[in-house]
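Start from the sequences and build out the full structure, keeping to the hints where you can.
Number of protein chains: 2
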Amino acid sequence: MMKLYDSPSAPNPRRVNIFAAEKGLELESVVVDMRAGEHKTPAFFAKNPSGKIPVLELDDGTCIGETVAICRYLESVAPTPNLFGENPVETAIIEMHHRHIEHELFSPIGQAWVNGPIVGSMGIIESIPAAKERGDLLTQAYYKRLNKELSKRDYIAGDRFTIADITALCCIDFAAGMVYLKPADDLEALWQWHQRVSSRDSVKNTTPAMSLPS
Amino acid sequence: MMKLYDSPSAPNPRRVNIFAAEKGLELESVVVDMRAGEHKTPAFFAKNPSGKIPVLELDDGTCIGETVAICRYLESVAPTPNLFGENPVETAIIEMHHRHIEHELFSPIGQAWVNGPIVGSMGIIESIPAAKERGDLLTQAYYKRLNKELSKRDYIAGDRFTIADITALCCIDFAAGMVYLKPADDLEALWQWHQRVSSRDSVKNTTPAMSLPS
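Chains as they are written, first to last, in the working numbering: chain A, 468 to 681; chain B, 468 to 681.
Source of the hints: derived by calculation from the structure; they are not laboratory data. Errors might be hidden in some of the hints.
A partial selection of chain A residues facing chain B, derived with a Cβ cut-off under 8 Å [said to hold, decoys possible]:
1. SER517
2. ILE531
3. VAL535
4. ALA536
5. ALA559
6. GLU571
7. ALA597
The structure displayed is predicted, hence computed values, not measured ones. Ideal Cβ placement from N, Cα and C applies to all residues, glycine included.
Below, the structure is given as structure tokens:
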């Protein structure tokens, strides 16, 4: 069975777990002890030179790092239901929306996270308050854009559920649960979409998002 | 003919132009006047809700934003030579390396750029000096990693030229030419690779990278 180097509720492995659940694929979960720095050991760097999870290890030992590279591989192993696009144009449009989410929403959330109080208190990296503030502002601005877009269509990339919804859900849940960046209550279309995707079996039956006590 | 909304020598349209040249595809170049803010007009937002170039417009008016979405579309239109991978495992490995370049090299270069003196002098965004410094450090660290990796293989993702090389070349040339982040002279394997890819016809015959007077 394929192994997934995983960490409970971290947003990127969660993307892979939801993706695999959509496909009905079972992966053997290998929990990496990130507090103990297990992802920064030579053994783990041999699996992924970036020292990051998730990593998918195939039966022959081949290791694939990077969430989207892993999902694309799983799509080729289990093409149904399709999550990346059925034809060249649809594939390109889904990829466009997916990258907008990754670069213009997940990336500022990441900046707010690495420059915020929780990561700061771990002593790994020095917080840059102005970078956190910029991350916060860009995230809130993108939530508004997304709300507008989702008032015109049911899913991130069009009229059906795709990889772009999985990424958006996992990064918004992470932002809301760990970075104090919950979308405002009045973004109705965004919250309706959130409910729509959160009620899927693939989401309900996988590990929930990590969340700080409120 | 497909139209490419372009800006001479900007790193992302350059990626598409090199990719298309590898395929022998001709695109009609439509230069967007970014100094005049043409990419932030309602007409342009209708083409790409992110207000960014490049955008590929198909004959039927369909618009595809995001460099990699465009390149993936071009790969489907003109599959030879293959630049994204020939089979599921190779495709995943290329995507992994490509994303490492995008997230761990291009992204800090971008941070150094938006927080650096040139963008600062345009008055679009307030520079965060600590974020620039972090971008510089991460970029130099990644150059060293890349040099080590390229001492073991000829191309970014393995033994042949792929999309990952195009991205790495365009972001390194941009960093060297516009962000004062040239790789150190003693990174020999990196410079040998740079020469190897720069000598390709697709690179030589497309618009060169933008560069400030030294």
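The hints, checked one at a time:
no., hint, in the structure
1, SER517, "holds (6 Å)"
2, ILE531, "holds (5 Å)"
3, VAL535, "holds (7 Å)"
4, ALA536, "holds (4 Å)"
5, ALA559, "holds (4 Å)"
6, GLU571, "holds (6 Å)"
7, ALA597, "holds (4 Å)"
Hint compliance for this structure: every hint is met.
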